Each structure stands twice: as C-alpha cells, then as structure tokens.
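K.L.:
Assemble the whole structure, with the sequences as input and the hints as a guide.
2 protein chains.
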Amino acid sequence: MAAELTAPELIAKHRPTLDQALEAIRTRAYWSPHPEHPKAYGEDGSLDAAAGKAAFDALLGNRLDLTDQPGVDDWVGEEVSPYGIELGVTYPHADLDVLLPAMRAGQRGWRDAGAELRAMVCLEILKRISDRTHQFAHAVMHTSGQAFMMAFQAGGPHAQDRGLEAVAYAYAEQVRTPGTAEWTKPQGKRDPLALAKTFTPVPRGIGLVIGCNTFPTWNGYPGLFASLATGNAVLVKPHPRAVLPLALTVRIARDVLAESGFDANLVALAAERPGEGIAKTLALRPEIKIIDYTGSTAFGDWLEANARQAQVYTEKAGVNTVIVHSTDDYQGMLSNLAFSLSLYSGQMCTTPQNLLIPRDGISTDQGPRTFDEVTADLARAVDGLLGDDARANALLGAIVNPDVKARLEAAAGLGEVALASREVTNPEFPDAVVRTPVIVKLDGAKPDDEAAYMSECFGPVSFAVAVDSVTDAAELLRRTVREKGAMTVGAYTTDAGVEETIQEVCLEESAQLSLNLTGGVYVNQTAAFSDFHGSGGNPAANAALTDGAFVANRFRVVEVRREA
Amino acid sequence: MAAELTAPELIAKHRPTLDQALEAIRTRAYWSPHPEHPKAYGEDGSLDAAAGKAAFDALLGNRLDLTDQPGVDDWVGEEVSPYGIELGVTYPHADLDVLLPAMRAGQRGWRDAGAELRAMVCLEILKRISDRTHQFAHAVMHTSGQAFMMAFQAGGPHAQDRGLEAVAYAYAEQVRTPGTAEWTKPQGKRDPLALAKTFTPVPRGIGLVIGCNTFPTWNGYPGLFASLATGNAVLVKPHPRAVLPLALTVRIARDVLAESGFDANLVALAAERPGEGIAKTLALRPEIKIIDYTGSTAFGDWLEANARQAQVYTEKAGVNTVIVHSTDDYQGMLSNLAFSLSLYSGQMCTTPQNLLIPRDGISTDQGPRTFDEVTADLARAVDGLLGDDARANALLGAIVNPDVKARLEAAAGLGEVALASREVTNPEFPDAVVRTPVIVKLDGAKPDDEAAYMSECFGPVSFAVAVDSVTDAAELLRRTVREKGAMTVGAYTTDAGVEETIQEVCLEESAQLSLNLTGGVYVNQTAAFSDFHGSGGNPAANAALTDGAFVANRFRVVEVRREA
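Protein chains in written order, with the numbering used here: chain C, 1 to 564; chain G, 565 to 1128.
Be a bit skeptical, because a hint or two may be false.
If you want a taste of the chain G side facing chain C, the calculated C-beta under 10 Å gives, among others [unchecked claim]: (1) Thr591; (2) Ala669; (3) Trp674; (4) Asn965; (5) Arg1042; (6) Arg1043; (7) Glu1072; (8) Asn1088; (9) Ala1091; (10) Gly1101; (11) Ala1116; (12) Val1122; (13) Val1124.
No lab work stands behind these hints: they were computed from the structure. Because the structure is a prediction, the values reported are computed rather than measured. Where is the CB? At the ideal position from N, CA and C, for every residue including glycine.
P.N.:
Have a look at this one:
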C-alpha cells in the first residue's frame, strides 16, 4: 500500500515546528504551538467547541474500535465520570500472546525510517490530537474530574506540548551521533588506516505506558512519544477509570502510522477487565523493554525492583512543601497559595501539602503576622476564591474517586481545622462530588503529628505546620524531600540568607524550587520546553520531564564498520 | 588557600582541547590529543622512556602515599606482576566511616564550579597522567600482564582518550540546559507572565569505580571522569591485582584538585586487604549513588539487582562471534584474525571466541576452502605470527592470572585441537607465564558442544564451530548475543545478501559489527571519539562507552524560578 502521507509532505509540514521545539529546549524561553484558548479552534480542520462536544457525545455508549488491532478477545470498559455519568464506552481487550508479537512486526520499518521521519510522524499524530482538543477536553474532564477549562488546557495543549517536547529531545539525542563517518588514522609514512562507519539508532523493543487517573494525557504523552520517536513500539495501558483519552490517542496514532506507510500496530491499547491488574503481567513480559509509569509509590517501587528486563521511568508519590518565612506581598502570597491549594481540588502531584510556618509568625508588608493569623488569612483567601459556586466549580472540578473523598474526610480529625472543607453543588452535574480544600494545623515539634505531615495525603488536604524557626523548616524540608520525595518546593522569603539556605537544600536534595510566587504562575504548574517536572533525583520520581536522561536509554546505537 | 591553578589559566590551557573533543564526538572522525608513540614523550614536562621507567621503579617496595586521604587505618597491597615480580607497593586502607563523609565535604564547591571549570580540571588531570604515560605503561604492564607496547598504548593514550571522551560527553550534556532563562508568556491584553529561571546541574553523590584486572585505566577512566565531570566525588576501588595504575591516577587527581582550589577528597582510593571483598560493602552504602563496574557477569548482575540506591553501569562477560562466509582477501582475513586471537593472549572482552564456519567450506579469492582447511590455515597464520619468540612476547604479554591458565589448559579437552597452545619463554621475565592461543574445533549441530561455545571462555581460547549454513550461523549469532551478550561481532562475506542478514541480526540484537577487516584494524579494538565500546543493548553490558546515556543520569538539573 502506498503511503497517503509521504515523507517529503510530512517534513515540509512539520520540520519547522520541530526546529522551533529544538530551539525552545535550548533556550528554555516560553514557546508553544498549541493554543490555550478554546476559541482558537474550529478552523483548518480542527473541531470547534460544538463539534468537539458532539464528537465526544458520539463516543458515549459505544464501542471504541481500534481498526484491526490484533488479538481482540473481549470488549471491556466501565468508566463512570467523576461528574456522575456512565460513559458506557467499551474498548478492545487484547490477547497478549497475539498482540505483542504483532506489535513487533512493524519495528524494522519504523527503525529504518530514521529519527527525522519518526519525529515527523509523531508530530502529525500530535497535530491530529490538537485538532480534536475540544473532544479530548471532554474525555479528560469526564475521566479525571478536572473542570472543563483545566481539562481543556492541561489535557489538551499542555499535554501536547509535553509530547512534542519528548519528540524534540528524542530527535536531538538520536542525531548527536551522525549516520555515517569516515575515520582515517595517520600511520606515519605508511598508508593511513581508513574505515567507513555507519551508526543506526535501534529501538529497545516495546515500550509500555501505564497511565494514571488524574492526568491521562499530560502524564502519558511524554513516555509514549519518547519511546515511539526513538523507534520503539508502544503499548498503552490506561488507568481503568481514565481509558477514553488514551484510547482516542491510540486510535489517532494508529491512523497516522498506517497513512504514513507504517504498521498501525506500532501503537496499541491494552484495556483491562475490572480487577484484572494486567500492568503487573505486562511489566514482566520479555517483549516489554521500557516502562513509563505514573502512580503510587508502592507499585512504582515494585516496577523498579521487578521489571528488570526494562528501562523503568516512574513518577510516584511525594510530599510537597512550601516554607512561609516572610513576604513583601502578603495578599499576593495568600492569593497565590489559595489558588494552588484549590486547583483541581489539590489532586495534583505538584500541589503543596505542608506549609511550614514559624510558630512565632512571619514578617510581611502589612506588618508581622502570627502563625494563627497566617493560617486564618490563608483560610479566608481560599474562602474568598471559592465563595462563588460557579467559580468554585470551575476551579475545583470533581473529586476523582472515593479514596480521595475518604482521605479528605479523615483529614479533619488529624488536628485543629483552620479551614473546613465544604460541599459545592454543581448544577450541571448534580452527582459530582465537589469539595473545597481543608487546612489542618499541625505542630512540627509534636511527634504525634509527624505521621500526618510526613505522608502523602493526595487530594484537597494541606497542613499548616508550626515550626520553631526557618532553620527547622529548612531541615524538615530536607528530611521530607530525602525520605518522601517532592515534585515541587515553594518558599516565601524576603531574606537573602534564608533564600540561600532553602535553595541549598533544594540543590542538595534535587528538588525544583519556586520562590515568592505572588502572581499568575503557581508552584503546581510547569510549562513544557522550559520547566522540568520533577528532578529524577529524589524519591518522588526517578526521571524528569523531559531531559536527556529521559530519552537517551530508550534506544541504542549500533555501529557497522568496514574498511574504506 | 588560594588556588595555584586559576580558572582562567585552566580554561586558556584546556578549552581548545575540549572543543576539539566535542567536535570529534559529533563527527566521529579520527582524533586524539594523546600521542601513541613512546618517543613522542620527554618534552614539555612529560617523562621520556628512561624517566618513566625510573619513576615506576621508584614506586616498587614503597608506600604509595595519598597525601591527607582521611581515615587511613592500615597499609595494604600484595600485587605480583604477571611477569613474576612482586611489586611490594602498599596503599592506604580506608575506614569508610571516616572517608565517605570526608568525600562529601567538598561537593558543594565542586558543584558550584560549574560544568566548564570541572571539565578543565578533569583535562588537567588527564594532561598530568599523559605526561607520565611511560610510568603508567610499566604500572599497567606489571598488573595486567599486557606486553609493554600494548600497556603503553591501551593503558596510556587510548585510556586517556576514553577519559577525555567521557568529559566531553559530560560537559555537552550539562550545557544542553542553559544556566538561566527568561520566560515570558503572553496573556492577551493583560501583562505577560514573566519568570526568571536558573538551572543548576547537581551531582548524585559519590560515584564508585570498581576496576578490573586487565584494563585498569582503559575501563576505569570513562566512569571516573564521567562522574567527576558531572560534579560527583569518585571513590576508586581497584582490582586487588591491579591497584597501582589507579592509585597513581587517584594521586594525580587529588593533586590537581587541591592545586585548583578544590577538596582533594573529591577523588579517593579504596584499596583492600586480600579477600576483604569491599566492593560488595561499598556498593550498598547509601552515599554511593553511581557505580561503574567491569568484570564478571555474576557480580555485575548482583550489582544491578542489589545496589538499588545507585545508577549502575556494568560491563560483564559476553561471547564474541565472527562469521566466516566468504572473502576476496583470504590471506588478509587470516592475518587479521590471527592477530585478533593473539593480542594480549585473547584476554580482552572484545576478543573473538566463536568462529562460525560453514561445514561445507567458504569461497575465497584463492578458491574454495573446506572447514578443515580454513581452520588449518588460520592455525598456520597464528603460528606464523607468533613463530618468533620476541614477536610472540610483544604481542601476547603474560597470562594475567591462574584462572586463565586453567581455562586454557582445559580447553584442549573440549574438542579436536586445530592449534595447540605452546609456552613461550620471556628472556627478560623468566617467571612470566606466556602462552599462544588454542583453537578447538566444535560442531554447532552437536548438543554436547554447545556448553563450550555458549559460555565465555575468557583467555586465549577460540572455537572453530562448524555450522550447516550461513543462515544457521546468523541464527546462532542471534541466539548467542541475545542469551550471552557480545561486545563485538565480526563477519567476512562478499555476498551482499549475507552481509544484510548478519547486519540485521546485529541491529536487532544491539551488537557492534566489524565487516571484512583484513588490514590494520582489528575487531577487538575500538577508538575513542569514533567507535562505541559495547552497545548497552545486549547482556554483555548495560552501557556503551561513551554516549549520552552513559553521562545523562549522573547528575540532575535543579531549577529555581522566581517572578521576573
């Protein structure tokens, strides 16, 4: 079958975007080719809001067919939106002994395509995903529980950015070694030794992407595109509660691969029956050579210890800290923190959990504030931010699953409640579980409180922890990052020495630090092409999104040399 | 203490060399700043042959003091040269609970020096080592058993090249991310969001280099310099029979670090008592975050499974294959193979072991040759190459240890001997154990023979394995690489289809292939800056020397961002 999308067409269409991405990861200045505004879509073949919603609605209650994916032995799927509606979508269930061998059949052609053409095909996949951003937004919203606007942006353009960033790193890494070299070594008066060499990036095998419930695309795309762009086939195993966004992704990838003349089975879906737990089975299959995982520490640690045949990239749990020492913009600080605690009901791996505040209080542009005043002011700031139900719904989204709700309810018993969680009604989705964050006061000097603040309490739960001094805060930060890991650290201080102390802890413990954020950038948000997501150097994650280490070991370079 | 070597001086002296190295790893053309010829040394502060020999002799029977290395609790060392002389050198034995904390003390200063200055200090270390190449040549000769000229070249300039290559990759990897970035995101009619960001490469901790007996410097330098250049401290644990070359290296590194204003304890030596086995203890210490190991598969696998707190880079055992199918230069092929089998008595991880030859014979420019004729002709070629004892000694060196000798002696019982090993007398070192290679005929179709050719028989032992066809040879090659690993693969064929088949096996199984070598380049030799040593994609090694993957995970990048 002749390719419908030829290599020259793909290169003409996408090479400029790749070049801009390559420039962006070098300068780390702001850049994105994916519009954030919903109204930017609707022309040049992209779906506008109405068409995207209609495309999403058309999926509900139906089989999501992945044309020709081999080894289908059942149809599975029981997704229920955190907003209360049953999606009713079913997906092909795979006989792995049929599917995995089929995924290897196209690997030679994909390898021989070379790094540039692979990047172009990946960019075409991302472009088609981008065109359907409105459809994806609903799919992410109704699996993660994110509010629509967040699902649109984080699940759409920001996720696509992270995918493109991975393609750029993968391409750059593969072309560091030239395709050919002439090697001529002088031998004094004798003839030189001369060799002709070829260098070929070769894939490791099949990459397995194990998706998460809260950010199926944002956390799934880096591994998917890093593995695919380096020549591997990719099997996507979504979280059982968030299959739809990744199934749509797989369908688009298969279409583009086939239209470009490659084997569609280079990307496939592994949906599972309830309780089937196929991640464990898949992770130990000899065909699986790369694993990308986002989720619990327990399973991440298990993967690292047991999936020894694979390169394993994990993002696990962590405990994020903000040290509050002093500020010259108290209101800005409170607003910024209130937003960070509220966004998506704190269901982000980057949401601050422990707010370390000196028990003697802090200095601000509005005069000194005691520990109790700071916590009360923060509680008021959250209340103010979420006082209007429509705005609260737009920020909070829905509680993603009953475990989060149970943790939230239990948190109030851990200490004195500075801010109680309240229920918010969502008129559009009355069955949605919507809750505002709880803030609980703990004492860093009380051993009884340590169990609470030294464990990840994923969800809209934060602890205002009283510490004896900022030195104690820095030491508690160090211990927290070292023992529990952290995706983010924040700090507020106007004191250069304190800033230096906190920065040194972050450098020594490998944690990403945001200082004195009071405006429209939040500690829990990172931007592709500029910010690293995680460091890969503390227990929260063994890799960063995205850097050289994230891509360099997904392929190997095979050299063939002969006399020239 | 003011630094005796200032940063501007170091940069002026070494930056041009670094730039050339960076260019070389991009083009992979021939390049080396380290002369191969012994007569090139003796000017500009380097030791000539006599001075190098005298400097080596001065070490014998004495303590090798590492000024101020902390925690010395004993003096140890029982090295006996494979050439029969007792070195009598003793080395400081370390109390790890004193030494390891001391090694961390200087890490902040080393981190803050930045990637460029670290590279410059590494290049100064390499320059001082280069100046003492003649001394190192004797140290390598009398620990590895390599003949002088090989010890000089492989243990001197070639090892220094590999160290410099690692520095170049480490530098390039660290500067992929800029030190600072301004990030400005448009917000429509509102003010843009603006952040100032800093990015700092931070070390993982202490790197442990576990040296080997046969190539203490060549296999030790890549990991040592890759870890040091990325900001880590490095603890060198030499093989108990090959301490001297690495102890000299550590002494020079400590001198240069101190003279450059850094803590000498950033590089330290861990010598051990006989049978102490400190590698296992060290590998599990929490301070050790990186391990570079060359040696047995059993211990390499143990490290990978157990040293979970560390990034582990291993080069283990493998079974190297040469497929002999056809040639248009029969004599060149025989000469080339004879040299490869003889060099350093086959005690290289890259020496061919299994020569797969169709039982129906091969076609050559001198007409067809049967299996028996090829093996007999190869035996004659080896005999001719080693017929003169002086030349034999210069090529073979000495058997490095009794295990190799025992394997050599047992090999003759594995099948029909095509070439018997013989003893060679070394008039200069009468106690040296010098042996020519043995070639044993095996049958690829006999299950009884499989145990022999499917195991690594490290030393001067090769198997001429009769196979039914070149297709069978390719399949046996595939199985060997997949199950046992391979550092090198060679092939001789004039048939484009056969070449394609063998090349495809190597691409699929990640093995480095040398085709039709008949001149002065040998399958068991690789050149830094151009050839990869191993692929990191088959069981013989989990890393290649040197590529991006070898350096990218030795450090992490910590970002600090603040509002601009």
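K.L.:
Taking the hints in turn, state whether each one holds.
P.N.:
Here's how the hints hold up against the structure:
| no. | hint | in the structure |
| --- | --- | --- |
| 1 | Thr591 | 6 Å, holds |
| 2 | Ala669 | 13 Å, violated |
| 3 | Trp674 | 12 Å, violated |
| 4 | Asn965 | 31 Å, violated |
| 5 | Arg1042 | 14 Å, violated |
| 6 | Arg1043 | 14 Å, violated |
| 7 | Glu1072 | 7 Å, holds |
| 8 | Asn1088 | 13 Å, violated |
| 9 | Ala1091 | 7 Å, holds |
| 10 | Gly1101 | 4 Å, holds |
| 11 | Ala1116 | 4 Å, holds |
| 12 | Val1122 | 5 Å, holds |
| 13 | Val1124 | 5 Å, holds |
Hint violations for this structure: numbers 2, 3, 4, 5, 6, 8, all remaining hints satisfied.
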